[in-house]
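**Q** The primary structure of each chain is shown beneath.
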Amino acid sequence: MPLTPSKEDTPSSGATAAPPLAAIAEAVCGRLRPDPVRATIRRLRLVDTVDRRLLGKGWQLLASPTDDGEHWRLSTAGGRFRAEATLHGPAPAFADDLPDGALRDRLASVSGIRALHPGPWITLEEQRCALRDGKAKIRCRLVAQTAEIESSGARCSTVRVIALKGYEAEAARVADRIASRFGWDADAPDPLAELADAAHPPPMGAEFPPVTDLAEPAGHALRPVMRALLDTVDQRGRGVIADIDSEELHELRVAVRRSRSILTLLKAEEAELEFARGFFKWLGKVTGRTRDLDVHMLAWRAHRRASAPGADAELEPLGRYLAAERAEAQAALVRTLRSRRFRSGLARWRRALDTGGEVWNEAPAMRPPIGELAGRRIRKLYRRALAEGSAITPDSPAETLHALRKTMKKLRYVFEIVRDGYPRKPTRAVLRVLKELQQVLGDVQDMEVQADALRRFGQELGGRGAAGPGTLMAIGAWAEDLEIGRRQARDRFAEVFEPFARGRFGDRLRALTRAGSRSTA
Amino acid sequence: MKVLASYNIKGGVGKTATAVNLAHAAARAGQRVLVVDLDPQAAATFYFRVKPKVKGGGKGLVSGKRDLDDLIKATDFERLDLIPADFSFRNLDLLLDAEKKSKKRLAKLLKPLSDDYDLVVLDCPPSVSLVSEAVFHAADALVVPLIPTTLSLRTYEQLLAFRAEEKLDDLALLPFFSMVDRRKNLHREIVDRFPDDHPEALTVHVPYASVIERMGTERAPLAAFAPRTAVAGAYELLWAEVARRLG
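So the sequence lines, in the order shown, correspond to chains Y and A. Per our numbering, residue 1 is the first one in the first sequence, and the count goes up by one each step. Per our numbering, residue 522 is the first one in the second sequence, and the count goes up by one each step.
Rather than coming from a laboratory, the hints here were simulated on the basis of the structure. Idealized CB from N, CA, C, for every residue including glycine. Take these hints with a grain of salt, some might be off.
[To be verified] Now the in silico label distances, taken between C-beta atoms and shown as ranges: (1) Y:E125 / A:K621: 39 to 47 Å; (2) A:D637 / Y:P90: 55 to 63 Å; (3) A:K576 / Y:R33: 35 to 43 Å; (4) A:S650 / Y:K425: 34 to 42 Å; (5) A:L767 / Y:A77: 26 to 34 Å; (6) A:D637 / Y:R464: 47 to 55 Å; (7) Y:G470 / A:R766: 40 to 48 Å; (8) A:A761 / Y:R33: 32 to 40 Å.
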């Protein structure tokens with residue numbers, strides 16, 4: 001339980017300093033006896049994923065420097081130890097690459113495909129003392145901490161009462177005495193957690209505002225959605241440049257596709273909308289190669305993890321090859337995201353969204369109610385998907401499934417924009433069917449693309465003499481596995497398409513989207 | 522989560538010193554450790570300065586009506602917690618007997634703690650009883666301190682026979698010699714010959730040392746107040762060997 005005596009924005013803010021911990025301990029110990037105070041100064045940094053999965057789980061991962069690397073210690077926010085490891089050499093970006101042990105096991109299950117991102121270095125000055133009872137048993141601990149972010153000078157101070165398991169009441173009594181004696185707020189947020197917040201700000205602009213009023217004119221309803229999507233592109237673009245996590249690019253691309261989907265929905269031919277269509281099309285294209293390589297890298301990591309010990313070593317040359325290819329693609333992408341075309345494109349589209357109210361409110365294409373416009377588009381895309389899917393037989397070429405996947409993606413994006421305007425229960429049922437079908441279509445295409453790419457990578461590695469027979473065989477075996485997986489997914493197509501093609505599903509979708517349209521009348 | 526029990530049919534062989542010092546060594550090595558003091562004498566509880574009192578007594582422990590987590594007390598050492606003993610544990614046999622599947626009861630009670638601890642160390646009372654049988658079903662291994670005397674070895678043979686009779690083949694036995702005085706011929710002979718017939722024996726021996734008795738006055742594990750003594754080093758090595766054997 002933290003108590004905050006002072007919180008300073010800068011080291012020179014001149015806030016009143018707290019009394020020494022020994023004096024605080026004497027004043028609040030009651031029937032307990034304080035041990036002598038021990039003071040330490042150490043450097044540390046907080047590590048978390050970009051989307052703060054550890055913080056979300058109530059964990060803190062602290063990294064302290066050692067002679068040849070870092071020591072990582074995972075604990076709960078309340079200070080309860082979970083696991084630790086000493087890392088020799090540079091800290092790995094992924095939990096999977098940590099040394100075998102409890103820390104790796106605990107982190108990997110939470111961080112998943114997300115990279116572990118260290119925050120800025122913090123200097124932590126700490127004074128500790130234990131409070132003991134008459135039998136000399138420690139009942140709780142007092143800790144005074146002053147933490148300063150080295151790069152910015154931002155500084156926080158705190159006095160914390162560390163409760164021990166089974167003796168929580170004693171700690172609560174000491175905290176109460178501190179609060180009444182010094183007036184410090186026992187419920188104040190832990191300043192270390194605040195620094196963690198500053199070090200790992202929550203993801204910005206990942207969501208878009210829900211469209212709940214289907215009677216709203218489309219231009220008016222979709223403008224804030226497009227603004228949020230533009231924020232996502234902008235924010236994630238910075239994340240891509242900093243190269244902190246592969247999901248940054250993924251989320252940027254999703255925002256691009258959603259934006260394109262909305263721009264198709266709004267058939268307005270105004271110059272700024274035409275510009276945005278071209279801009280997002282270009283952006284989708286220039287980000288594709290790096291994303292493909294990110295996916296290959298993630299798949300490689302997952303495959304290596306699943307491989308038998310020893311066999312994973314054969315995959316290392318492929319990993320090096322992919323990393324080099326990805327670094328090259330990433331460098332090109334960073335140039336693009338720093339280019340005038342990208343920056344001025346973002347600025348121009350933002351201006352168009354922020355100003356030009358008459359276009360958004362008055363243009364004929366912007367005036368129809370969003371429910372009507374989206375409903376019509378959803379029904380049209382459903383009819384198209386139904387026709388494309390119904391024509392697919394076990395002998396149909398792969399391209400037919402790929403075309404259906406594209407239609408399904410468009411359908412899903414439009415549906416998701418207006419979903420909050422529809423009744424929740426049938427909407428969830430529709431989304432379940434769409435997701436299942438899309439999953440199978442995705443598996444079929446992804447595994448095919450991946451297997452083709454693997455064969456190509458194998459040929460290139462073999463041609464350069466950069467891989468031995470063991471590696472080429474491992475790549476071949478992996479491509480075979482993917483081919484088997486693709487065939488299994490392909491066999492599932494009829495099974496997952498059937499509920500989508502069922503009359504009842506079509507009726508439900510039509511009823512949902514027409515009711516949305518009617519409610520707008 | 523691994524469960525290690527410090528056990529011998531015979532009393533006075535150093536079971537509690539073994540449980541306390543191994544648990545402390547494991548916690549220092551980074552494991553999250555819980556000591557469960559099952560002995561109504563509450564010596565482990567005493568060493569950790571915790572009050573020998575359990576909410577609901579022995580019944581509270583075995584009935585399952587009380588969350589085991591509520592009985593846990595932090596010790597003064599990081600990553601090392603304790604479920605203290607209570608004088609009512611003298612009736613633990615009877616209380617266990619009143620429960621269904623009494624032999625598997627302890628294992629069932631410990632299971633929910635597996636997210637919070639890497640190692641549970643059970644400090645057991647001497648003798649063979651229903652409590653010990655419940656311990657055998659809950660434990661992955663028994664670490665068995667033996668004094669190098671004929672009587673002590675005899676009790677180990679009894680334990681081996683009991684394990685065979687009860688078909689507890691998965692239960693690893695890790696005997697080791699404690700209170701070894703290498704000035705005594707008998708001690709030297711027994712310590713040297715025992716591994717010939719018992720390859721499962723641990724190779725680390727804990728020497729006889731008066732400093733162990735100071736655990737009672739210091740009320741702490743050896744490494745906390747006499748870290749540089751040979752016997753503290755022996756327990757450290759013993760933990761390293763036990764950890765390897767536990768896998």
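**Q** Now tell me if each hint is right for this structure.
**A** Comparing the hints with the structure gives:
The hinted window of 39 to 47 Å between E125 (chain Y) and K621 (chain A) is violated, with their beta carbons roughly 56 Å apart. Taking 55 to 63 Å as the suggested C-beta distance range, the pair D637 (chain A) and P90 (chain Y) does not conform, at roughly 32 Å. In this structure the hint that K576 (chain A) and R33 (chain Y) lie 35 to 43 Å apart at CB is violated, the actual value being about 26 Å. Checked against the hint of 34 to 42 Å, the C-beta distance between S650 (chain A) and K425 (chain Y) comes to roughly 59 Å, which is inconsistent with it.
For L767 (chain A) and A77 (chain Y), the Cβ-Cβ distance of about 31 Å falls inside the hinted range of 26 to 34 Å, so the restraint holds. Against the hinted window of 47 to 55 Å, the Cβ-Cβ separation of D637 (chain A) and R464 (chain Y) comes to about 51 Å, which satisfies the hint. At roughly 35 Å, the beta carbons of G470 (chain Y) and R766 (chain A) sit outside the given window of 40 to 48 Å. The supplied range of 32 to 40 Å is met by A761 (chain A) and R33 (chain Y), whose beta-carbon atoms lie about 36 Å from each other.
In the structure shown, a violation is registered for the earlier hints numbered 1, 2, 3, 4, 7, in ascending order.
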